[in-house]
Amino acid sequence: MIEIDGSHGEGGGQILRTAVSLASVLRKSVHVSNIRSGRPSPGLSPQHLTSIEAAAELCDAEVEGLYVGSKEIAFEPGQLTGGNFEFDVGTAGSVSLVLQTCLLPASMSKSVVRMRIRGGTDVRWSPPIEYVAQVHIPQLERFGVSCELDIESRGFYPEGGGTIIATCAPSGGLHAVDLGTRGELKDILGIAFAQNLPEHVVTRMKHSALKSLVNFNRVKVQSQITSGSSIGAGIVLAARYEHSILGESVLGEKGVRAETIGESCAVDLMETIDSGATVDEHGLDQLLPYMALADGKSTVLVEELTEHAKTNIWVIERFLGRRFVTSEDGGLVRICTV
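For the sequence shown, position 134 (counting from the first letter as 1) is numbered 133 according to numbering that gives the first Met the number 0, and the numbering increases by one without interruption.
No lab work stands behind these hints, which were simulated from the structure alone.
Glycine is no exception: its CB is placed at the ideal position from the N, C-alpha and C atoms.
Just so you know, not all the hints are guaranteed correct.
Stated by the list, open to error - With a cut-off of at most 25 angstroms between alpha-carbon atoms, the simulated DSS-like pairs for lysine-lysine come out as follows: (1) Lys309 to Lys27; (2) Lys309 to Lys296; (3) Lys219 to Lys205.
As the list claims (entries may be wrong) - Quick list of simulated restraints, FRET-style, between CB atoms: (4) Glu241 to Val62: 22 to 28 angstroms; (5) Ser152 to Leu65: 25 to 31 angstroms; (6) Val324 to Arg26: 25 to 31 angstroms; (7) Leu25 to Val266: 47 to 53 angstroms; (8) Met0 to Thr166: 29 to 35 angstroms; (9) Gly172 to Glu2: 25 to 31 angstroms; (10) Asn195 to Asp149: 20 to 26 angstroms; (11) Gly77 to Lys253: 18 to 24 angstroms; (12) Gln221 to Asp328: 44 to 50 angstroms.
Using the sequences and the hints given, assemble the complete structure.
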C-alpha cells in the first residue's frame, strides 16, 4: 500500500484528489494520513468526502476512514467499469473539484461514464465550472480525453443548488502533449454570468472586460442571466492559441463593483499572456496527472512552480517514481515528463 503524508508541502485537499484519482486508475491501494492537519478545520470536509466517495464508486473501491473530520483514509480500488453515477456534494461544495477527481478514472474506464454532480458550480477556492468547460476540458482533449459537459444549473455560495452532467468516453490510453510553445493567438472567448441579479450586472462586467482587452483582435464575451436557488455572478476568459489555452476567472463579491470584476479578470489574463507561459497557474495542477500517465514526453511552460504544483508532483511520483524534470527557461519554468 502506498503511504501518503497528507501534511506534506502545501498539505491541502489536492493531495487527496490526486491520490485517489491515481489509485483508481493504477489499481494501487493508498493510505493517506495527516489529512489537512495544518488547516483551520483539519480532516475531511464534506467536499473531500464526496470526491473520495465518487472515485470509490467509479472503481468499486473499499474505503476506510470515510467521515467528515477524518484525518486518515485507506483506499483499496477495484476495477473501473463505467456506468451512470450521481454525486451530491451538499450545499455549495465544489462540483468542479469532485469532477477533477473523477475525470481521470472516468476517462480510463472500459465503457462510457455519465456523472450527475450537484453542489456549487461557482464558489471560492475552486475553478468555476465555466473554466473547466472552456479551458480544462479542451486542454485534456489533446491528451485523448473525451468529455462532454452540460451545466444544468448554477450554484453559488452558500446555498449551492447547481447541477452538472459530465459524460466521458473511454480514452483508450493517453498520449503526450508538447506545450513548449503556444503558437499564434486565435481568439479570446469568455462568458459573463449572473444569477438572480439584474441584467446590468452582466453587461457591466462584460463591457469592462472588453474595454480592457481593446488591443486584442477577435474577442467575444457571451452574457448569461439565470435564475436559481442561489445568488452570484462571475466572469471567465480564455485565450485560445494554436497549441494551448490560457484561462482566468473572477467571481463577484458583495460590495465589489461589476466593472471591477470584469477588469480584474481581463488584467489577470493579460498578465498571463505577457508572461509567455503555455499553461496558466490554475491549469497546471489539473494537467500534471495526465502528463505523468501519457505515453511519451509531455512539456509545459509556467510562470512559476508553486508549492501547490510541487506537492502534486510529489504525490504523483509516490505512485509512479520519478516522472518530472524542471528547468528554467527564459524566466519561466519548463516542466517535462521523463
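A quick look at each hint next to the structure:
About 22 angstroms separates the Cα atoms of Lys309 and Lys27, which keeps this hinted pair within 25 angstroms; it holds. Taking the CA atoms of Lys309 and Lys296, the gap is about 19 angstroms. The hint holds against a cut of 25 angstroms. Simply put, Lys219 and Lys205 have alpha-carbon atoms about 10 angstroms apart, close enough for the 25 angstroms limit, and the pair holds. Separated by about 43 angstroms at the C-beta atoms, Glu241 and Val62 break the suggested range of 22 to 28 angstroms.
One distance hint, 25 to 31 angstroms for the beta-carbon pair Ser152 and Leu65, holds here, with the actual separation near 28 angstroms. Between Val324 and Arg26 the beta carbon distance is about 27 angstroms. The supplied range of 25 to 31 angstroms therefore holds. Between Leu25 and Val266, the C-beta spacing of about 41 angstroms breaks the proposed range 47 to 53 angstroms. Checked against the hint of 29 to 35 angstroms, the C-beta distance between Met0 and Thr166 comes to roughly 33 angstroms, which is consistent with it.
In this structure the hint that Gly172 and Glu2 lie 25 to 31 angstroms apart at CB holds, the actual value being about 28 angstroms. Distance hint check: the CB atoms of Asn195 and Asp149 are about 21 angstroms apart, consistent with the given range 20 to 26 angstroms. The hinted range of 18 to 24 angstroms is not satisfied by Gly77 and Lys253, whose Cβ atoms lie roughly 45 angstroms apart. Distance hint for Gln221 and Asp328: a CB-CB separation of about 35 angstroms, inconsistent with the stated range 44 to 50 angstroms.
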